[in-house]
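Single-letter residue listing:
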Amino acid sequence: MELNSKIPSGPIQDKWDSHKFNLKLINPANKRKYQVIVVGSGLAGASAAATLAELGYDVKCFCFQDSPRRAHSIAAQGGINAAKNYQNDGDSIYRLFYDTVKGGDFRSREANVYRLAQISVNIIDQAAAQGVPFAREYGGMLANRSFGGAQVSRTFYARGQTGQQLLLGAYSALSRMIAAGKVKMYPRTEMLDLVMVDGKARGIVTRDLTTGKIESHAGHAVVMATGGYSTVFYLSTNAMGCNVTANWRAHRKGAAFANPCYTQIHPTCIPVSGDHQSKLTLMSESLRNDGRIWVPKKKGDTRAAKDIPENERDYYLERLYPSFGNLAPRDLASRRAKDMCDLGQGVGATGLGVYLDFSDAMKRDGEATISEKYGNLFDMYERITGENPYRQPMRIFPAPHYTMGGLWVDYNLMSTIPGLHVLGEANFSDHGANRLGASALMQGLADGYFVIPYTIGDYLAREELKDVSPSDSEFIETEKQVRQKIDRLLSIDGTRTVDSFHRELGRIMWNHCGMARTDKGLKEALVKIPELRDEFWNNVRVLGEGSDLNQSLEKAGRVADFLEFAELMCHDALTRAESCGGHFREEHQTEDGEAKRNDEEYSHVSAWEFTGVGSTPKLHKENLEFENVKLATRSYK
Amino acid sequence: MNQAQSFPRSSIGKKFLMAITGLMLLGFVLGHMIGNLKAFQGAEKFDAYALFLKEVGKPVLGKGDFLWMARLGLLAAVGIHIFCAVSLTLQNRKARPVGYKKTAREASTYASRTMLWGGIILALYVIYHILHLTTGHAHHDFGSSVYGNMVAGFKQWPVSLAYVIAQIALGMHLFHGFWSAFRTLGANNPNRDKKLRAIAVFLAVAITAGYLSIPVSVMAGIIQ
Amino acid sequence: MKLTLHVWRQKSTSQKGAFETHVMDSVSPDMSFLEMLDELNQALITNGKEPVAFDHDCREGICGSCGVVINGRPHGPQRATTACQLHMRSYQDGQEIWVEPWRASAFPVVKDLMVDRTSFDRIIQSGGFISVRTGSAPDANEIPVPKVDADKAFDAAACIGCGACVAACPNASAMLFTAAKVSHMGLLPQGQPEREQRVLSMVSTMDEEGFGSCTNHKECQEACPKEISIDYISRMNRDYVCASKNKG
Numbered sequence: 001m002e003l004n005s006k007i008p009s010g011p012i013q014d015k016w017d018s019h020k021f022n023l024k025l026i027n028p029a030n031k032r033k034y035q036v037i038v039v040g041s042g043l044a045g046a047s048a049a050a051t052l053a054e055l056g057y058d059v060k061c062f063c064f065q066d067s068p069r070r071a072h073s074i075a076a077q078g079g080i081n082a083a084k085n086y087q088n089d090g091d092s093i094y095r096l097f098y099d100t101v102k103g104g105d106f107r108s109r110e111a112n113v114y115r116l117a118q119i120s121v122n123i124i125d126q127a128a129a130q131g132v133p134f135a136r137e138y139g140g141m142l143a144n145r146s147f148g149g150a151q152v153s154r155t156f157y158a159r160g161q162t163g164q165q166l167l168l169g170a171y172s173a174l175s176r177m178i179a180a181g182k183v184k185m186y187p188r189t190e191m192l193d194l195v196m197v198d199g200k201a202r203g204i205v206t207r208d209l210t211t212g213k214i215e216s217h218a219g220h221a222v223v224m225a226t227g228g229y230s231t232v233f234y235l236s237t238n239a240m241g242c243n244v245t246a247n248w249r250a251h252r253k254g255a256a257f258a259n260p261c262y263t264q265i266h267p268t269c270i271p272v273s274g275d276h277q278s279k280l281t282l283m284s285e286s287l288r289n290d291g292r293i294w295v296p297k298k299k300g301d302t303r304a305a306k307d308i309p310e311n312e313r314d315y316y317l318e319r320l321y322p323s324f325g326n327l328a329p330r331d332l333a334s335r336r337a338k339d340m341c342d343l344g345q346g347v348g349a350t351g352l353g354v355y356l357d358f359s360d361a362m363k364r365d366g367e368a369t370i371s372e373k374y375g376n377l378f379d380m381y382e383r384i385t386g387e388n389p390y391r392q393p394m395r396i397f398p399a400p401h402y403t404m405g406g407l408w409v410d411y412n413l414m415s416t417i418p419g420l421h422v423l424g425e426a427n428f429s430d431h432g433a434n435r436l437g438a439s440a441l442m443q444g445l446a447d448g449y450f451v452i453p454y455t456i457g458d459y460l461a462r463e464e465l466k467d468v469s470p471s472d473s474e475f476i477e478t479e480k481q482v483r484q485k486i487d488r489l490l491s492i493d494g495t496r497t498v499d500s501f502h503r504e505l506g507r508i509m510w511n512h513c514g515m516a517r518t519d520k521g522l523k524e525a526l527v528k529i530p531e532l533r534d535e536f537w538n539n540v541r542v543l544g545e546g547s548d549l550n551q552s553l554e555k556a557g558r559v560a561d562f563l564e565f566a567e568l569m570c571h572d573a574l575t576r577a578e579s580c581g582g583h584f585r586e587e588h589q590t591e592d593g594e595a596k597r598n599d600e601e602y603s604h605v606s607a608w609e610f611t612g613v614g615s616t617p618k619l620h621k622e623n624l625e626f627e628n629v630k631l632a633t634r635s636y637k
Numbered sequence: 001m002n003q004a005q006s007f008p009r010s011s012i013g014k015k016f017l018m019a020i021t022g023l024m025l026l027g028f029v030l031g032h033m034i035g036n037l038k039a040f041q042g043a044e045k046f047d048a049y050a051l052f053l054k055e056v057g058k059p060v061l062g063k064g065d066f067l068w069m070a071r072l073g074l075l076a077a078v079g080i081h082i083f084c085a086v087s088l089t090l091q092n093r094k095a096r097p098v099g100y101k102k103t104a105r106e107a108s109t110y111a112s113r114t115m116l117w118g119g120i121i122l123a124l125y126v127i128y129h130i131l132h133l134t135t136g137h138a139h140h141d142f143g144s145s146v147y148g149n150m151v152a153g154f155k156q157w158p159v160s161l162a163y164v165i166a167q168i169a170l171g172m173h174l175f176h177g178f179w180s181a182f183r184t185l186g187a188n189n190p191n192r193d194k195k196l197r198a199i200a201v202f203l204a205v206a207i208t209a210g211y212l213s214i215p216v217s218v219m220a221g222i223i224q
Numbered sequence: 001m002k003l004t005l006h007v008w009r010q011k012s013t014s015q016k017g018a019f020e021t022h023v024m025d026s027v028s029p030d031m032s033f034l035e036m037l038d039e040l041n042q043a044l045i046t047n048g049k050e051p052v053a054f055d056h057d058c059r060e061g062i063c064g065s066c067g068v069v070i071n072g073r074p075h076g077p078q079r080a081t082t083a084c085q086l087h088m089r090s091y092q093d094g095q096e097i098w099v100e101p102w103r104a105s106a107f108p109v110v111k112d113l114m115v116d117r118t119s120f121d122r123i124i125q126s127g128g129f130i131s132v133r134t135g136s137a138p139d140a141n142e143i144p145v146p147k148v149d150a151d152k153a154f155d156a157a158a159c160i161g162c163g164a165c166v167a168a169c170p171n172a173s174a175m176l177f178t179a180a181k182v183s184h185m186g187l188l189p190q191g192q193p194e195r196e197q198r199v200l201s202m203v204s205t206m207d208e209e210g211f212g213s214c215t216n217h218k219e220c221q222e223a224c225p226k227e228i229s230i231d232y233i234s235r236m237n238r239d240y241v242c243a244s245k246n247k248g
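Chains as they are written, first to last, in UniProt numbering: chain A, 1 to 637; chain B, 1 to 224; chain C, 1 to 248.
Derived from the structure by calculation, the hints contain no laboratory data.
Incorrect hints may appear among the rest.
[Unchecked claim] Ranges of calculated distance between the beta carbons of each label pair, as one might list FRET restraints:
#1 PHE626(A) / THR13(C): 54 to 62 angstroms
#2 PRO189(C) / ASN311(A): 53 to 61 angstroms
#3 ASP472(A) / GLN42(C): 36 to 44 angstroms
#4 ASN628(A) / GLN192(C): 39 to 47 angstroms
#5 MET362(A) / PHE202(B): 42 to 50 angstroms
#6 ILE120(B) / GLN95(C): 37 to 45 angstroms
#7 ILE120(B) / SER28(C): 21 to 29 angstroms
#8 GLY375(A) / GLN92(C): 57 to 65 angstroms
#9 ASP208(A) / SER28(C): 31 to 39 angstroms
#10 LYS2(C) / SER491(A): 20 to 28 angstroms
#11 PHE202(B) / GLY366(A): 54 to 62 angstroms
#12 PHE202(B) / PRO189(C): 35 to 43 angstroms
#13 MET362(A) / GLN42(C): 39 to 47 angstroms
[To be verified] Below 27 angstroms or equal to it, Euclidean Cα-Cα: the simulated BS3-like pairs (lysine-lysine) are:
#14 LYS194(B) / LYS11(C)
#15 LYS520(A) / LYS253(A)
#16 LYS226(C) / LYS194(B)
[Unchecked claim] Covered by chain C, per the in silico footprint, the following chain B stretches (three or more residues, Cβ under 8 angstroms):
#17 111-125
#18 156-168
#19 188-199
Given the structure is predicted, the values throughout are model-derived calculations rather than measurements.
Built from N, CA and C at the ideal position, the CB exists for glycine as well.
Bound-form chain A, shown alone (with noise of 0.2 angstroms):
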């Protein structure tokens, strides 16, 4: 396997236009006849697939929900940069381009952040465009917000529901071009496998998830944009459906996995109320401008929070970090959170909360004002929890909530199979180790609205690529092999549900590959992984059947997927010896407990080629070169 990275050479600010211009083309009336596969709704997925289908490409897409409109990109709250330099407060690209490589802790490619932040720009007039309601200054400009402790305003809202906006605007863009005859949308189905013809990605097979029909589409090129895999802890922020099927299927004919240990943790979630929870629900960030954390000074402290004394209160956030206080990074938010409660001073029933207090700010703002700005927020606490924010503080915990880790792709956006482009967070490449606020949505759009459309068509102009259809025989086998593990499935019938193989899964990742990871806890974890993962062949029970819509059975492949992508994960984590961004190893932090990089060893991507089920996945590097930031210790003190 070989990683050619393909960064255009020159300065860092003309790289992408050369690269464009040197990109091959495909003669207008040529383009309807190429067939692109796009997997994926979501922002990446949609806006890939409208634009593709705009210029005239053949665009099939496909996605798991019942309506294209229903990813979980829906989900995002905060906003979405954009070096647009509105608000006059110095912003830039470069601007953008530094604090993003900055943010993932130097392990991402300068050239494809610098790319991102150059189209920042355009996804907001795209957006404006299509209808996206942005918040607005009085004036009718385009407001904007400071975020995740970012020094300029250079983040466009939706209110709370920035993503909703912009998926809406990219489904209304799919809808239109569905309508025109140039996208056939398939919803209700599964990619189920990539089938690779002459070493090519030439289609998939899905499974209809009404039916049960597993079929077979062929294409010149496949587009997946398929989102990340926090769903591998059981409990995160994500939406029940998300899962690391079409990346894993890839992975495993060939496509490099690169940095699966880079995961995120939010900070601010609502903590788990017991055994029957199924997910966590996501507070924005910006309630920590107002909020105050803390946690009693006592361990096992059962007192109710009010009637623990000020002095006997710690304020650990304002305590470790005086000039960022409560707005510290999520990383190191996160994992003070856990310190904490480590010791035992965590709050709630199962002491694993801390305390995210307004009394502070609304005796000095007057809770009317508190209320205008936080109100929705406080009313879903209150609907999930059944506490009164405003009368006793909010507990919160971190949860999973992104991944930065995913396929390895080249600065085309193409993975190491030829032909399979990899969009979205499904991807590894701009965020690093550690994804700032409000860059996910910039990431997602830049990828389907700006870039594969001019490089797929350069994969296309320059491959001999010969017909295929779903009856050739490398299509025929592929189904072959997706049937078979569906019967498999179906044939067990032990005992345990899917879900509870799912959440002991869930478990081992977070004890041993979440937060906080050491030497000997990946090492359990490596041994735990392949003996739930036997467990759950000879004794899940699936009912029902195959040929039917089957929730058990969607899930079940999904879980079985999981088992094996876990012990990746692991074996990243434990490779990697050093801590980064959003992977904390333990064995190796400051005096004070903060992350130390190893810049000398591992300042490189992680790519990993499958070598079989259970079999130490073989490790390739692509070195990272900083040649416009200087490499730094990110610091918050």
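Go by the hints and put chains B and C onto chain A.
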């Protein structure tokens, strides 16, 4: 984009026609009610008013011409109103072939849910009313004095009761119909909504009370 | 707490369905309604019975996947709340709960509590967009939008497409859904060029899909988890009449 269907075929088009014809009929009902109140001024004034209605438009039009034109207009309005109502009701029934085991109504009113039945009661009533006081076919003692026919008719309690029931149905129909018509016409907005609701209540109560006052007064001996 | 659940079971669109009764002995008030259904399903699987199929995904009230009628109310009794955010503390020990799918001919039942809402997608496909080719947009601040209009457009755009409005409407009408999209785009300057064609086309599709008509019951507004106002329906009616007039 989809090829648009013709306006009267669309559900909004039909609703629009119902709203317009409904408001026309409301105008008639209001005028008719005010005219009827002349009953309190005695037989002479009342009969003179009845004669006036026949002679409106003289000398350009012949006797009763205007009245017939008005009747044809009303008949067309009623016809369109009923046609659209039937068509939309069929559409609505088809839209939910299987109902719920449990229903909990949160916002709708008794009046809004009974528009169809109110309409049927009113249609039957209008037929009876014409046979009773216009043509006399359903009157036990029909004479030449409009006033006399009215008083004689209402002296019989089953007749008065039928009128009372019909007027209450009319009131409810108007209460929802008036407000709903403005929504359908798109003439409603958040600032006007409360006012329109208030006017709807006022009209429904005033018209019902106005009409009811006559049979009640006859029964009570106030009108003789 | 203990609950008696009557759940609608239906194998497929073409087969007949019926209610099935289950007694749940230990429901925690901290569970969401869907977590309670999860628990039921775990018990069913353990007992060798097929679990109840229901749509759900984000479980934070924004994707619009979930939706069942609970004791006659779409998404249950709490205002502005989807079924996934409804918690069992809204119910009392010993209560009987009837769970039914959305009922409308335009939303055929797929299985158990799942319905096919692709008719909503087809309404959007018939005009719920602004035709702007990627890359052709002017600078975002070249189209100023008065804040009041932007806010009103947002209120309409907040629709999650769950279908509760149709489920709640005694006529199974999709007017609130359609009006929300027509108004979102009609209120913005970007949406003006296609405004008339959009409303004509979307209303036609809505009728063709077999939804009922609006008789202003207001049940949709009450059931809407995003509290979208029926004023948008009034607004769409006006747009539709004007567009029809100009077309002729």
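Against the structure, the hints:
no., hint, verdict
1, PHE626(A) / THR13(C): 54 to 62 angstroms, "holds (58 angstroms)"
2, PRO189(C) / ASN311(A): 53 to 61 angstroms, "holds (57 angstroms)"
3, ASP472(A) / GLN42(C): 36 to 44 angstroms, "holds (42 angstroms)"
4, ASN628(A) / GLN192(C): 39 to 47 angstroms, "holds (44 angstroms)"
5, MET362(A) / PHE202(B): 42 to 50 angstroms, "holds (45 angstroms)"
6, ILE120(B) / GLN95(C): 37 to 45 angstroms, "holds (38 angstroms)"
7, ILE120(B) / SER28(C): 21 to 29 angstroms, "violated (50 angstroms)"
8, GLY375(A) / GLN92(C): 57 to 65 angstroms, "violated (28 angstroms)"
9, ASP208(A) / SER28(C): 31 to 39 angstroms, "holds (36 angstroms)"
10, LYS2(C) / SER491(A): 20 to 28 angstroms, "violated (37 angstroms)"
11, PHE202(B) / GLY366(A): 54 to 62 angstroms, "violated (42 angstroms)"
12, PHE202(B) / PRO189(C): 35 to 43 angstroms, "holds (40 angstroms)"
13, MET362(A) / GLN42(C): 39 to 47 angstroms, "holds (42 angstroms)"
14, LYS194(B) / LYS11(C), "violated (47 angstroms)"
15, LYS520(A) / LYS253(A), "violated (31 angstroms)"
16, LYS226(C) / LYS194(B), "holds (22 angstroms)"
17, 111-125, "holds (count 3)"
18, 156-168, "violated (count 0)"
19, 188-199, "holds (count 4)"
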